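Here the numbering used here runs 28 ahead of the position in the sequence shown, where the first position is 1.
Please note that the accuracy of each hint is not assured.
[Claimed, not checked] Straight-line distance between alpha carbons at most 25 Å, and here's what the computed PhoX-like set of lysine-lysine pairs gives: (1) K46 to K141; (2) K89 to K244; (3) K244 to K363; (4) K297 to K273; (5) K384 to K297.
Please keep in mind that the hints were generated in silico from the structure rather than gathered at the bench.
All values reported here derive from a predicted model rather than from experimental measurement.
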Amino acid sequence: MRDESYASVQTVSDQQPKASVKVAANAIEDTARAVTALLDELDAEHAKLTMVFYGGDHDDKVIARALDSTTGARGVAGTTAGELSCKGFSHNSMTGMSFHGDGVRAAVEIVPKLRQLSLVPIVHLPGKLARGIGRSKSELDPERHLWLFMVDGHSGKEGLLTPFFMQAAPRLGLVGASLGDGEDFRHARVAHHGRVYRDAAAAILLEYDSPFETFKHTHMELTDRHVEVTKVSGGGRILEQLDGKLAQVVYAEALGIDPSQVTAATVAKFPLGYRFRGRPFPVSVLRIRNDGTFRLASSVQHGEQLSILEPNDLVGSTHRAIDEAIDALTARGCKAEALLLFHCIARYIEARHEGKVDALADALCQGPTCGLNTYGEQFETLHMNHSLTGVIFG
29 MRDESYASVQ
39 TVSDQQPKAS
49 VKVAANAIED
59 TARAVTALLD
69 ELDAEHAKLT
79 MVFYGGDHDD
89 KVIARALDST
99 TGARGVAGTT
109 AGELSCKGFS
119 HNSMTGMSFH
129 GDGVRAAVEI
139 VPKLRQLSLV
149 PIVHLPGKLA
159 RGIGRSKSEL
169 DPERHLWLFM
179 VDGHSGKEGL
189 LTPFFMQAAP
199 RLGLVGASLG
209 DGEDFRHARV
219 AHHGRVYRDA
229 AAAILLEYDS
239 PFETFKHTHM
249 ELTDRHVEVT
259 KVSGGGRILE
269 QLDGKLAQVV
279 YAEALGIDPS
289 QVTAATVAKF
299 PLGYRFRGRP
309 FPVSVLRIRN
319 DGTFRLASSV
329 QHGEQLSILE
339 PNDLVGSTHR
349 AIDEAIDALT
359 ARGCKAEALL
369 LFHCIARYIE
379 ARHEGKVDAL
389 ADALCQGPTC
399 GLNTYGEQFE
409 TLHMNHSLTG
419 VIFG
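Construct all of the structure, not just a fragment, from the sequences and the given hints.
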């Protein structure tokens, strides 16, 4: 059993390279004490960028004030569906990552009112972020620059925000998380520059003059069990009917079980999905609603054909995916120093049901780690579900 009453920090380089990372975590219950300790351990006062992820029971305003007084516009925080550090998975704790050195520049911009998302400000956002680090868009280099996104996972707009942004942006890597609030599925929050936002996203441009490697992974596989979307609402996020009948009923029939046996663990293990570029593309069921409809983590359309997906080896495939990303960084002559991981809550629920939470945490945390459970993940132009996205920093 993992001790969740911890307070730990890893300084991932004793030398002073052009760019370096610090990672910290604690499970202090009092918000003021927790955020103060975290920011101190991250040396956030001197960092070029500080990211904090915290459980939804913490006081948002206390975090916003503490972060602003320490970092100003150089800090950003968001709520999670669970936190991840080298101590494993935890809840209502804090984890954070800070970036240091002359080889680091960063800019943070808030995108408010996501449910009223307009294309015009998104088109101008990449240029605004570039100017925020003293660069032009043409100077941005995928070897040195990276987009990081923190998006309200209740907005339903991740599938529009990411491709809109990337159409206007230089082709850098993009990795992001749909922020959550545990398993309550009520509201996520972002804190920046002394304010707390709902229905908002934080867009970050990071310049990092040491190598880094982005990656994505899903352990789901396609099956020959297919269903058709016949009624959907809520911008494609509320799945009402499959094959002309109630979604929960048809889903249960496809699995050969009674509808009453469809639980959060069931939909976590057997998500919906489709084939995309030859690979499974999961669509997570975030919640089974009382009326037998499904709340989804990404949008589907009327008439769309979906498959029932099934899991491969969750722990083993996760370990291999991170191994491969670390190996890719090593092949560039650089040691992996820290991991930033965005991990789908459905994967965590599957691991919990299978009794594999600690094993999954061990597979994920192959170095100093700052991570969180999410309601969805972003990678390049894609809004993804049931996946792991991340960055390995050298």
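> Given the hint that K297 pairs with K273, does the C-alpha gap stay at or below 25 Å?
Replying inline: With Cα atoms ~22 Å apart, K297 and K273 stay inside 25 Å; holds.
>> Between the alpha carbons of K384 and K297, is the straight-line distance 25 Å or under?
In response: holds (13 Å)
>> Given the hinted pair K244 and K363, is their Cα-Cα distance within 25 Å?
In response: Holds - the C-alpha atoms of K363 and K244 are around 20 Å apart, at most 25 Å.
> Keeping to a limit of 25 Å between CA atoms, is the pair of K89 and K244 held or broken?
Replying inline: Violated, because 33 Å separates the two Cα atoms, which is more than 25 Å.
> Within 25 Å, alpha carbon to alpha carbon, are K46 and K141?
Replying inline: violated (37 Å)
Hint check: violations occur at hints 1, 2; the rest are consistent with the structure.
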